[in-house]
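Can you build the whole structure from these sequences, using the hints too?
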Amino acid sequence: MKTDARSAAPRRLMDMVHAALFEEIPFNVAVIDRDYNIAAANSSFTSRFGDWQGKKCYEVYKKLHQPCDECPSAQVFETGKTIVADAVGIDQHGKPTHYVGHVAPLRLTENGPVDYVLEMTRTVTGTRSWQQEYQILFDRVPCYITVIDKDYRIVRANEAFRHSFGDVLNRYCYEVYKRRKSRCPNCPAARTFRDSKVHNSNQVGTDRRGQDIHYQVTTSPLARSGDQVGHVIEISTDVTAVRKLERDVVEVERLAAVGQTVAGLAHSIKNILMGLEGGKYIVSLGLKKGDEEMVNEGWEMLERNFTKTTTLVKDFLSFSKGRLPQLQMVNPATLVNEIVDLYKDITAQSGITLRSEIAEHVRRAPLDPDGIHTCLTNLVSNAIDACQMGEQKGSEVVIRVREKGEKLVFEVADNGCGIDYEIKQKVFTTFFTTKGGEGTGLGLLTTRKIVQEHGGKIVLESEKGQGAHFQMEFPRKRLMTLWHEGHGERPDHKKQVRS
Amino acid sequence: MSVTVLVVDDEPDVARYLATALRANGYTAVTADSVEHGLEEVHKAKPDLICLDIMMPRQSGITMYTQLKNDKTLRSIPVIFISGVGHEDPWDFRSFVPDKSIPPPELFLEKPIDAELFIESIEQLIASTRGREGGPNK
Chain A
1 MKTDARSAAP RRLMDMVHAA LFEEIPFNVA VIDRDYNIAA ANSSFTSRFG DWQGKKCYEV
61 YKKLHQPCDE CPSAQVFETG KTIVADAVGI DQHGKPTHYV GHVAPLRLTE NGPVDYVLEM
121 TRTVTGTRSW QQEYQILFDR VPCYITVIDK DYRIVRANEA FRHSFGDVLN RYCYEVYKRR
181 KSRCPNCPAA RTFRDSKVHN SNQVGTDRRG QDIHYQVTTS PLARSGDQVG HVIEISTDVT
241 AVRKLERDVV EVERLAAVGQ TVAGLAHSIK NILMGLEGGK YIVSLGLKKG DEEMVNEGWE
301 MLERNFTKTT TLVKDFLSFS KGRLPQLQMV NPATLVNEIV DLYKDITAQS GITLRSEIAE
361 HVRRAPLDPD GIHTCLTNLV SNAIDACQMG EQKGSEVVIR VREKGEKLVF EVADNGCGID
421 YEIKQKVFTT FFTTKGGEGT GLGLLTTRKI VQEHGGKIVL ESEKGQGAHF QMEFPRKRLM
481 TLWHEGHGER PDHKKQVRS
Chain B
500 MSVTVLVVDD EPDVARYLAT ALRANGYTAV TADSVEHGLE EVHKAKPDLI CLDIMMPRQS
560 GITMYTQLKN DKTLRSIPVI FISGVGHEDP WDFRSFVPDK SIPPPELFLE KPIDAELFIE
620 SIEQLIASTR GREGGPNK
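Note that the protein sequences, when read in sequence, are chains A and B. Numbered by the working numbering, the letters in the first sequence go through residues 1 to 499 in order. Numbered by the working numbering, the letters in the second sequence go through residues 500 to 637 in order.
By construction, these hints were calculated from the structure, which means they are not laboratory data. Treat the numbers as computed from the prediction; the structure is a model and nothing was measured. By construction, the Cβ of each residue, glycine as well, lies at the ideal position given by its N, Cα and C atoms. The hints are all genuine.
The following label-pair restraints were derived from C-beta to C-beta distances: (1) B:A626 - A:T309: 36 to 42 Å; (2) A:K288 - B:R574: 37 to 43 Å; (3) A:T310 - B:R574: 39 to 45 Å; (4) B:A626 - A:L255: 45 to 51 Å; (5) B:T572 - A:S284: 36 to 42 Å; (6) B:D598 - A:T309: 34 to 40 Å; (7) B:P603 - A:L273: 24 to 30 Å; (8) A:R402 - B:R593: 34 to 40 Å; (9) A:L273 - B:R574: 29 to 35 Å; (10) B:R574 - A:L342: 45 to 51 Å; (11) A:G351 - B:E539: 25 to 31 Å; (12) B:T572 - A:G290: 41 to 47 Å; (13) B:E539 - A:T309: 32 to 38 Å; (14) B:K599 - A:F306: 40 to 46 Å.
Here are the computed lysine to any residue pairs in the SDA-like style, where the Cα-Cα straight-line distance is at most 20 Å: (15) A:K288 - B:R522; (16) A:K270 - B:E609; (17) A:K270 - B:L616; (18) A:K270 - B:P611; (19) A:K270 - B:F607; (20) A:K280 - B:P511; (21) A:K289 - B:G525; (22) A:K289 - A:W299; (23) A:K81 - A:H102; (24) A:K308 - B:P611.
Computed footprint of chain A on chain B; a stretch qualifies when at least three of its residues, placed anywhere within it, have a C-beta under 8 Å from a C-beta of chain A: (25) 504-515; (26) 603-616.
Below you can see the structure in the form of structure tokens.
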């Protein structure tokens, strides 16, 4: 008896374990016979799908009146092999419930037919719902998302990307984005593969309709910290509209400058007409009075103003040679040094100190070197004139170049006679000249025109008798926009001039 | 007693033209090529009227005008602004002189100026000033 009791104990223990497992396992467990009757089910199943006693599995799982079209149990009865099932049923409250799990054969006799199937499923409705939301987010987010592998093939792409670039799976990213046959130089994804870090870049691609797309791309490693990067996720924002807006702003400013130029031309012509009117009047008065000296005086006035007309026309034609800046990647410091070299002898002869201040870390920039040369020449020439007109001793002209936030700034400062507030109001908008009979007043206007063509602006700080301080500010973002306009790619790869 | 008109303009031809027209019509004309010289002449010649250009070297006509209007002894001298900036252009006196205690000029004439119209304007201005203050006779 003792022996029987001892041998019975382990069996009872195992039965208890099996019973406990059947009940406590965090799965919906059901046993189905060949007629799809549910022979047994645990409490987890019951609480999910409700009463099952005397019911068919399809009635309980899916509230159907006949077996499902693709019944996993039927498959197991037929093949005798365990399978993984993935299905959507209806729970006891009538709500769709997504479940996955194993369907395994049960045999009452070894090597006999499959008498039952054991279905152990897990409800994954929450997980699936989250996955669906993630998929919607992935597809609908208003930017392009692609995942590329180490061969630069696109393995995933969201809806926005597919909409703009077409069927892209398994194609090379450089082929899809840029219609290239080889990897792009300075590829941000390559940098991420190399250093596992996030990189940003501005790019211009071509969509499936052949239209240029300007986009800002961020590449991130698709790996946990420390793991080798197997994939890179590229998130790109289409900034084509922003680029267009930036171009439009530059164009509007250019047109405004044209309008002001025309108004300035009219102003200048009026002054000459006044001289002609005066000459005509004095000649006429001299003739009436028989005063030869007066006639001569009037005639000379007429001649002078005819000459001014010729000069103005020549200057204006030169000014009106409107052109897009011929951008090159240049070192701004080089441009400043050229101007110092050009004027050092003239200033030395006039007792004026001319010097440059070049800040550290001034970066190269896409500029029209000839245009900037003209601007600096005009400003320095004016500054020298102001020093000569001023009464201060120890006159000085300083040319500076520095970075100010995201702007490249050139400055020309002098301690000459300064500019009156009222003149400041007009300094860039008309052809006026404050040099009496000399000059046509086009210098500053030309300077402003060139600066605006670069997407920049020129500002003046000056107090009467305190000298003048001109600043030409070039937002680097705008310079890059112009550069992209002219080149369609990043500046790093262009021929570099004037280093 | 002759009416004295001060013409302040850095363009010598303009000053010469206006001065000739004034003299030919019986006025006494004094010219100055800058604000500094203009202010000197205001005290020396004591003009009855001033023709003032706006854009001049170092100091503008607006600066001189402001100084005149801030000086109790000179405030009453009528001023004609003469400039290439026309009324049609965005020339707004208050954008130049925001201080509302300073009145706008009596007249603004746009270059080029016809001598006949110029003299007519001077006569009218002098007449109205004379009528207002019992001012000088030409």
